[in-house]
Amino acid sequence: DAGVTQSPTHLIKTRGQQVTLRCSPISGHKSVSWYQQVLGQGPQFIFQYYEKEERGRGNFPDRFSARQFPNYSSELNVNALLLGDSALYLCASSSGTGVGQPQHFGDGTRLSIL
Amino acid sequence: SQQGEEDPQALSIQEGENATMNCSYKTSINNLQWYRQNSGRGLVHLILIRSNEREKHSGRLRVTLDTSKKSSSLLITASRAADTASYFCATDATGYSTLTFGKGTMLLVSP
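So the protein lines, in turn, are chains R and G. For the first sequence, my numbering gives the first residue as 1, with consecutive numbering after it. For the second sequence, my numbering gives the first residue as 115, with consecutive numbering after it.
Covered stretches of chain R, as calculated for chain G (at least 3 residues, CB under 8 Å):
id, stretch
1, 31-44
2, 48-62
3, 99-109
Keep in mind the hints are simulated off the structure, nothing from the lab. Here the structure is a predicted model, which means the values were calculated and not measured. Backbone N, C-alpha and C define an ideal beta-carbon position, used for all residues, glycine too.
One chain only, chain R, in its complex shape (with noise of 0.2 Å):
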C-alpha cells in the first residue's frame, strides 16, 4: 500500500508570496495533521483535520490554513510569506479511530523562502 505522499518535494518563493502543499493520507486513513520542522528542531504541531473537520489547531498565525477533501486529501496554504518559514512541512495521517493512534508521515514538502 502507498504511504503518505506529500508534493511538491521542494518550493522555492520569495517573501510576501502564497504556497499550497498537498497530502495524500494512506487509503482508509481520515485524519491528517500537518506539523513544521524547522532545521535543527522537532516538528510542531500546526492543523489536525478529522472527516473534514478541524479538530486541533497549534500555535500559529492566521496566515496558515488547511481544508480537507472528502477524499481525505488536504491542502496547507500559506499566505505573506516570511523568511522564518523556511522549514520541512510534513503531513501525517492516522486511522482517526480510538485513543492515541500512531501517527504515519510522509517525506515532506521542503521550503525554501528568499
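Keeping the supplied structure of chain R fixed, place chain G upon it in accordance with the hints.
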C-alpha cells in the same frame, strides 16, 4: 513550543552496543510515542506507551514511562549502523495524536 527535552542531544556508539535516550515532558499526557527520522526524510513511528503503562517492548526496543517524574526512556539494544538517525519523543495530551515533539537525539552508530 516544544513539550520537553531529549537527552543527550547527540550520542555516538559502536555497532553492538546499547543506546539509551531520555525524554522529559511538562504536562499530563494520554500517551507518549517515539519516532525515528533519517536525514531529510519523514518520521517513522517506533512505539507507543500509554499513561497507565510503565514499560513496553518491541523487538530491540524497550520503552519506559514514569509519569510521576514526567520522563521516558528509549533503549535500543545491539545497535546497528542502520539505526543511525534522529530519535524524537512525542507526547499526546488529548489522545487524538496532536503530538508535541522534543528536539530529538541524534544517534550515530559506527560499524
